[in-house]
Amino acid sequence: MDTLALAQPVLARRDLLRAGALVVGFSWAGLPVARAQTAGPTRRTLALTEVDSFLALRQDGTVVIYSGKVDLGTGHRIAMRQMVGEELSLPVRRIELVEGDSALTPNQGPTAGSSGVMRGGIELRRAAATLHEAVLALAAQRLARPLASLTLADGVVTSADGGSVSVAELVGDRPLQVKMNPAAPLKSPSQYRLVGQPLPRPDIPDKVTGRHVFVHDFTLPGMLHGRVVRPPAVGARVLAVDNASVASLPGVRVIQIQDFVAVLSPDEWAAIRAARELQVRWSESAPLVTHQGVVDWARRGPFLAEETIVNKGDAARLAALPNAPDKIAATYSWPIQSHASMGPSCAVADVKAGSATVWTASQASHRLVNSCAALLQLPREQVRLIYLDGAGCYGMNGSDDASAEAAMLSQAVGQPVRVQWSREEELGWDPKGPPQLLALRATLTPEGRIDAWETQMWLPRATANLEWIPLLSPLAAGLAQPVGQTIGLATQNGDPSYPANAVKVHVHWLGAAPLRPSNIRAPGKVANCFAVESFVDELASQAGADPIAFRLRDLANPRGREVIERLARLMPWSPRPSPRSAAPQRLASGRGMAYVHYKHNETFVAIGMEVEVDRGSGEIRVQRVACVHDCGLMINPDTVRAQVEGNILQTLSRTLLEETTFDASRVTSVDWASYPLLRFPDVPSLDIELVQRVNEPPLGAGEAASSPVPAALANAVFDATGVRLRSVPFTRERVRPLMA
Amino acid sequence: MPRYQLVVNGSPRTVESWDGDMPLLYALRNGLGLRAVKYGCGLGQCGTCTVLIDGAPARSCLVTVSDAVGKQITTAEGLGTPAKPHPVQAAFIAEQAAQCGYCTNGMVMSAVALLKGNAQPTREQTQAALAGNLCRCGSHDRVLKAVQRAAASSKAA
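In order, the protein sequences belong to chains A and B. Using the working numbering, the first residue of the first sequence is number 14, and each one after it goes up by one. Using the working numbering, the first residue of the second sequence is number 92, and each one after it goes up by one.
With the rest of the complex left out, here is chain B (with noise of 0.2 Å):
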């Protein structure tokens, strides 16, 4: 079977696939378990698969396996752990910011992405970055608060 050589998390890893137009997201969440990465349109049009792909935010549901080759891919396992949270998964944490948890993990994605352009966003600029980010249970107002509150965090440090 085809074998294709991603770079994930910072680690070179190998996944195989009879179809290189399989998109990463079957790749990351069946071929090496990454199961932050969750399917929630397979349209790119909610958000909730959103990894990072050198750096920018991108929607594993629409990229092939075979255009991730040699990609540096980032996901929320690749963030933090619970022990050792990122500081944007820590202000989720402080924010109590997710209620099902199932569109968090493009949110925490798409925050972190943000802040890497926008070291203190206004809350217009994080709704805006996370426009595309659907989240049914209405965890938005914390989420917000989670954005600033990373925001704070790293003006602090």
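So here's chain A without its partners, still in its complex pose (with noise of 0.2 Å):
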């Protein structure tokens, strides 16, 4: 169904057609094969302010969503569908939906932090009811009515004393041509049919039964795979290139471009025979600080900068904090990270002479635009990117790079190119979640409040969300590529969501990271969640106090502690200090928990988990997993559940699992082997309440229930043992001696 919304409403456009566009049809094997594609300018307009950007009329009463933001796997499909069916009254099947083509939708950001129905949602909806607002205004001219007596309901505009008319006959298919209306009125929740039902998503019928057509599965006419010889260590250069080692192959070519190789046949299994076959000789180069030392090296710097990002409260307190005799204090250490994505990064291009058309699986297909124009050197319009579903990428994947790669690649060869990455290179060369060190120290009132409270973290600069950003094949090939450098919001929760009388937050700016950074889902927070959880605990016992009761002491903000409340009730929890007293044996059960308000104004979330650890193995079990959250007005509860439960499972498997393992010259950790994740035999069981707010805008979900998984987990692992694990991953072989 999604693989044709693709082309029907560009087919239904007639500016469109008259620029080019896109059509999808199937060959002899039943492939998706584009036809007619081209870059080039669209005479639809794009502009944030206007509706048309968003939404279009056609004559049969259905209406085309013009997306910026795309589906990642998340639901995004069914919701903005709901959202704008919401408002004009319209089933969700009359709605089709165009995302993140750069010629055709608005430019919304990328489709990162949460915010696709936030941010890219809210849009859509206030688009929505602008268009309600504007056809109610035309059907009251035509009708001759008063506007307060007409309604808008599955296209057709009716009056209370009978009349009639449709939206096909009022509008037609020509442009809207009307403001954005921020005051157009909305339905209130009272009259929500669509908002808040668990539909289905369009796309999973397709998903399972293999018809869906991923990025990985799209094919062009007279399509050369192409593959790229990686470097075996990073920033190695090319001494020689003996073509003559893939002569016998079918089909092969081989291109260099500086320090950038790559393979091309008509014949996939050609280029994947040539990449490895290929004999290249490459300079020497180690300068990694491997995975051991990334500790050290995030204290040792340099530094880029050095700031204080909170400093609120009683700055005597703080000034005595480093040398209070009762102070706590403790290190907390995250590790680089893949995003590991199941299906290894592609990308289409289909570069032509002054022109060229990317099908890309990134999730910034319209910032990607002016990363390809320039290395293409071709004028921004003529640079058309279209969005198709990858494998999940939770971040900055490689889907960035094979775009650039293929758009290289075909405009090197005059031919459309395929680019698909192997595991190793998915694993090895994506960007990274990048390292964080986080040292923490407080005090408390004798009455168990927080009194002083100091986070200090060291962490890299990010280089994600910016117009530019290094990609490896331009790099390699020599290509111009302003690098920039932005916080990458990796600093937020890094103080507590309680009260305390004074607290301070500090950041050391490491300039650069040890692997090539990008973000990975709920960017920093899921380290500062972490530490900043983990430590809250820490008072908590030291208080002597429950860490549900010392939580909540001095917590205000109503819906925190309404979540903090029903986790108690839900797991059930019996209130007592951490850790539980039991005869020391080799199997200990414990419970924990955590709580996050994400960056200190978005979706409240509790999480508690009932584990049992092996002190002999160092093995910990996680055998339950409750959560309760609160994302104010969830516009498809269904869909909002199936993230919670990816933030959980996902983060559970980052947290016992996961760490990119490094030597001075590359990557080792790549492959499933060396990169475990968690498999279904260690699926925990799964209590998760959701608090639906129908009053309240919704906020995200796609992030927030990963940031207190870890706390919550090192939490029950102390109250199991006794034992404080400050530094993930807790593998067997980490976790085992501190048991001793």
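The hints are simulated quantities; they were obtained by calculation from the structure and are not laboratory data. Given the structure is predicted, the values throughout are model-derived calculations rather than measurements. For glycine and all other residues, C-beta sits at the position ideal for the given N, C-alpha and C. Worth double-checking, as some hints may not be accurate.
[Claimed, not checked] Here are some, though not all, of the chain A residues that point toward chain B, as calculated from beta-carbon distances under 8 Å:
| # | residue |
| --- | --- |
| 1 | M355 |
| 2 | W685 |
| 3 | V696 |
Taking the hints as your guide, dock the two standalone chains into a single complex.
In structure tokens:
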């Protein structure tokens, strides 16, 4: 259904046909084949101030959504339809969706930061509300009836006395030419028919039966398969390429641009064999600090900047903290991690003289246009990026790199090129979630309130979410890539969600990362919350207090209190201090919890866990995870639930198992044996309670529930054993000696 | 170019390859256009490329096209369609048991194979049967529920 939705709205719009458009057809083998795809300016408006940028009406009464944000496996496709359908009283099956096409959709920013519904959806809802208002005004004129007597439903405006006119008659398929009206009336929650319903996602039947077209499945006539030949060491230079070493493989061409080496063939297997067998001599290179050296590296610097980002309350208490005799102090570390997408990155590009089209799974197709235009030396308006699903990315994985590589190779050979990364490339060369190091210290008042709290962070500046990002192959090929740096919002939630008499958060900004960094799900906040919520537990233990009672003591936010109180009932939680007092046995069981108010202004999450720890082997078995989650208005509670499940299980995997390992030259965790993920036998039972708040704005669900997972786990292990885990991942090898 | 005779989703099919050691994965995807079968690792470690060979789950990234000659190969396309899904596919749809959906093919194929040998598996048996299938999105709990649902529907039928 969504495969066709890609084509149909385009076909229906005359202005686009004139400009040239993508048409998806089906070849003899049932493969989707694009014909007549071109880049170039369209006559569609893409201004964020115009309703026409977001929505188009068609003669048959259906509506097309043009969404700059995309569905990354998150349920965006149904949620956007529900938000627009609600305002227009139109069933979701009569709404089509075009997403992430830089020529057809407005630039709503990257699909990142859990902002799909919270910002992207809200813009679409505003467009729909404005459209509703404009259609009623047109109908009032046409029917000569007062506005208040008119209602719109299912593409028809009817008046209280029985007159009616269809939207198609009123507007046709011409542009509406109406400015977005932030004050356009919205449906009241009591009238909701679609919003709040757990409607099924439109893409799942095709995904389950193998019909869904991922970018990996997309082909073009005359397309070559490209593979990039990576250096054996980060920073290695090409000394010599022996083209003869692959001369016997069918149809193989070798492309070299400075240190960028790639092979191409019409036959995919020949391209794979060629990439393995091509003899390249590389220079020696050993610039990396090694994964064992990351913590020392972070402590050592050099530092780009020193920044105090929170400094509130009684300065004298903070000044006294370093020398306070009764202070508690602890250091926490988070390792470098891969996005570890199940499908290695892939992209298809067709670069012609003067224009280019790239089919990409990037979460930022509008931004990646700039990178592609720069490396192809084409005007921005001659480059078009079209989003197709990739494997789940959870941040910037290798998709942007693969897209640039497909574009470079297509330009080099003058034919369409598909670039597919290998497993080794994806785990070895995707930009990584950066390492984090946090040192915390605090004092308590005699009553058990947090008196002074200080967090110090050692954090690399990020390069993600910038207009210019350092992509591997353009760098290797010597193509200009201005590189900037950003804080990447990775410092958020470095201070507790509970009141204290004085709080300070200080960041030691590192100018580089040990491996190329990017954003990974809930950037920074997973590690920050791990440190902060573990440390809160350490304070509670010091105070001899029950961990929940300690947190609720001074917490004022009623929604925060509610998720914690509901979690206590859901567990159920019997109040007592940690660790539990039990005769030491080989198998120890315990419970723990953690809480976050995401970014201090978004979603509220409380997570509890029951674990069993084998002191002999160091194995941690998570038996049950309970979660109470309040993200305001839930557009679709079932897709929210899926996101919460995914946040919990993915972060359990990251906490228990995952660390990118590397020696001085290269990443060494390059397959699923050396970079293991959580497997089915280790999946705990999940109890999730979602709080629906129809009168509140919708907040994000894609990230928040990740952040309390590691601390809830560490707190449960402490409860079971009295041992505090402060360094992720909690592998058996690392836990066993601590339990001895 | 050498030709290889396969039986795919019940029909005899011929694929050509210059290399008999080419993995079956590429014969299915590029030669026959059966793109439900996904490349995940090429190492037999993740399960996304799972097909049934003579009814048993197999990693199509490890089986060579020459070794597949004469075998009965089933892919997700051969199980059902969106309009008429296989009971396991119907259960996945009912449970909305996919996020990005890239690994889903392998889960479906492994579940079909499991239920063939054990019509009423426990949750633990299902977890063990799917131990070789990785998922990054965290769809596991729904996949387990989908397998239970498929088992229940076959019991009712």
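Next item in the hint list is A/V696. Is there a CB on chain B closer than 8 Å to its CB? Hint on A/V696: holds, closest Cβ of chain B at ~4 Å, below 8 Å.
Hint A/M355 vs chain B: min CB-CB distance below 8 Å? 5 Å, holds
Hint validation: A/W685 versus chain B, beta carbon distance must be below 8 Å. Holds or violated? 4 Å, holds
The structure fails none of the hints (numbered hints given earlier).
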